[in-house]
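Enquirer: Chain B: place on chain A using the hints.
Protein chains in written order, with full-length UniProt numbering: chain A, 1 to 222; chain B, 1 to 306.
Honestly, the hints are just simulated from the structure, not real lab data.
Because the structure is a prediction, the values reported are computed rather than measured.
Some clues are possibly wrong.
Covered by chain A, per the in silico footprint, the following chain B stretches (three or more residues, Cβ under 8 Å) [said to hold, decoys possible]:
#, stretch
1, 33-42
2, 223-234
3, 266-274
Quick reminder that beta carbons are idealized off the backbone N, C-alpha and C, glycines included.
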Amino acid sequence: MSMKKKMGTSILAGALGLSLIGGGTWAAFNDVEDTQNTLANGVLDLEFGEKNTIDFEIRNLKPGDHFTKTLHLVHGDTATLDINQILVSTNSVEGVWEDKDVLNLNSEVGAGSGDNSESDFLSQFKVVVSADGSQVWSGHLNQLVGLNPVDITGTNDTTAGLPVGEEMEYEVYIEFEENDDRFPNSRYFEQNKYQGEESKFEMSFEATQMPGEERFNGDDAE
Amino acid sequence: MSIKKKMTMGALSATMGLSLLAGGTFALVNDIETTEAALGAGTLDLELRPDGETQHNFKLGNLKPGDFSKVRVDLQNHGTLAIKDVLLGMDNLNFDDWGFENNERYYEEVPEGTDRDVFGPNTALEYLDQFAITAAVVGYEEGGTYDKNIIAEDISLADFYKATSLEYTGADKQDAIDTVAASVNGLSYVKDGDANGVNGMNVSTIDENEWYGVTVNPNDHDVLELTIEYISSEEKGHNENSDLYLQNKFNGDSADFDLVFEARQWGGQEVTEDDIGDGKKGSGEDGYVETNERANNGDSYGPDYQ
Numbered sequence: 001m002s003m004k005k006k007m008g009t010s011i012l013a014g015a016l017g018l019s020l021i022g023g024g025t026w027a028a029f030n031d032v033e034d035t036q037n038t039l040a041n042g043v044l045d046l047e048f049g050e051k052n053t054i055d056f057e058i059r060n061l062k063p064g065d066h067f068t069k070t071l072h073l074v075h076g077d078t079a080t081l082d083i084n085q086i087l088v089s090t091n092s093v094e095g096v097w098e099d100k101d102v103l104n105l106n107s108e109v110g111a112g113s114g115d116n117s118e119s120d121f122l123s124q125f126k127v128v129v130s131a132d133g134s135q136v137w138s139g140h141l142n143q144l145v146g147l148n149p150v151d152i153t154g155t156n157d158t159t160a161g162l163p164v165g166e167e168m169e170y171e172v173y174i175e176f177e178e179n180d181d182r183f184p185n186s187r188y189f190e191q192n193k194y195q196g197e198e199s200k201f202e203m204s205f206e207a208t209q210m211p212g213e214e215r216f217n218g219d220d221a222e
Numbered sequence: 001m002s003i004k005k006k007m008t009m010g011a012l013s014a015t016m017g018l019s020l021l022a023g024g025t026f027a028l029v030n031d032i033e034t035t036e037a038a039l040g041a042g043t044l045d046l047e048l049r050p051d052g053e054t055q056h057n058f059k060l061g062n063l064k065p066g067d068f069s070k071v072r073v074d075l076q077n078h079g080t081l082a083i084k085d086v087l088l089g090m091d092n093l094n095f096d097d098w099g100f101e102n103n104e105r106y107y108e109e110v111p112e113g114t115d116r117d118v119f120g121p122n123t124a125l126e127y128l129d130q131f132a133i134t135a136a137v138v139g140y141e142e143g144g145t146y147d148k149n150i151i152a153e154d155i156s157l158a159d160f161y162k163a164t165s166l167e168y169t170g171a172d173k174q175d176a177i178d179t180v181a182a183s184v185n186g187l188s189y190v191k192d193g194d195a196n197g198v199n200g201m202n203v204s205t206i207d208e209n210e211w212y213g214v215t216v217n218p219n220d221h222d223v224l225e226l227t228i229e230y231i232s233s234e235e236k237g238h239n240e241n242s243d244l245y246l247q248n249k250f251n252g253d254s255a256d257f258d259l260v261f262e263a264r265q266w267g268g269q270e271v272t273e274d275d276i277g278d279g280k281k282g283s284g285e286d287g288y289v290e291t292n293e294r295a296n297n298g299d300s301y302g303p304d305y306q
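For reference, chain A alone in the conformation it holds in the complex (with noise of 0.2 Å):
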């Protein structure tokens, strides 16, 4: 179901063993202490939980369509380090593709009517994202695609998003909108350019760290 990429762990086993010597070297006496240091990376590890059905595959809709997927995104089994934040981005997948006119509007309504763009195809598709029941943003899935990376956490830079424990569940609601106009003279609806059209778009989901910070001896040592 998800697919799993795990950061590796470099742990870091540090065993400084410094030498303190005390005195000169024309000293008989002298003494040596030890300390013992360690430092250990943290793991910061995104998962989809097992809710998750963002991963669709959806043919033959019809205008008017509709479904409701579900995001969930957890912390891996490892993890111990807080997310900041989580930076969407979603690109279409290349060589899915392909303009068609199935019902030859070209020449049954006239020339550039059955044309349209992969963009014009995802805007026919209205997304509303929302959490424990509220929207948090709604849209067309062309205004998804190609899109910077986005945050999701709604959270700034010093504030965890996702702290370890926590998981995050999002309701993405998506419809084949229905829109009936017809084009002018004719009895054809401007949708029927869309029809047989498919496109597949990779959204990838990029958790990032907090911000470094002093951290004191002791804190979360083992």
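Expert: Coordinates of chain B only, in the frame set by chain A:
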């Protein structure tokens, strides 16, 4: 050994305040999860075919009152989405008033001296009003017989044209819509909002079963029989002559027009796992919404018939 010289230990307080920046300047950590999603639109594609040997369009010449003609049209679904209904309408009317052009005598068509008893000026709508159209679904649903279902009988072609064409915008359009709607059997007349909308007579099946409309699954055909009759009228008074039939003025007139079949989709539905993949196209893993091939997949049967 007397002098005890204490070496002061450079007491190195070995409390090392190590600022361990997790991340910090030497490393940034992040994690990226990706997922793919795909959306595909289906196709709604009505094809008309002749049924058997007959033509599926009317080409009639040299008509006289009382003549009639039947054609059979096979309505086929060549798409991937079930068709809810097929609205029949008329458009692109071209009329030729024999012997007249814009209500003026047109001598090139009918030479001077021709007997005025046998032709006269009239409008396209007066001409169409001499014809009546009857529509019946006679076709087989696959795998069984189907009783002939008369949708509409003897509707004036003029009223039908006024009611259903996009190009007619006369003030009596609404009256024509009401007239046609009243003479269409049962639930088959579809009014799209008001007189400015698109109106038509549903000529696909409306029995509330899995054959409703023109489905993809089960594989449906609807065969429509259309009859156009040149109604004979015994009314007299052509050229104010009480011996001449009024219909004389239509001699030589001709009209051509399109009968337009508009296939419509079912309403939108909420797509769930249950709608995807009964094995019709692929195993369901490709996300094909199988129920969109079937009747009654979105809204309930015929909600907008009036």
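Enquirer: Now tell me if each hint is right for this structure.
Expert: Okay, the hints, checked on the actual structure:
Chain A is given as covering the stretch 33-42 of chain B, and this holds because 10 residues of the stretch bring a CB closer than 8 Å to a CB of that chain, at least three being needed. Judged by the Cβ-Cβ criterion of 8 Å, the stretch 223-234 of chain B is not covered by chain A as claimed, because only 0 of its residues qualify and three are needed. Beta-carbon proximity to chain A at under 8 Å applies to 7 residues in the stretch 266-274 of chain B; the threshold of 3 is reached and the given coverage holds.
Violated hint for the displayed structure: number 2, the only one.
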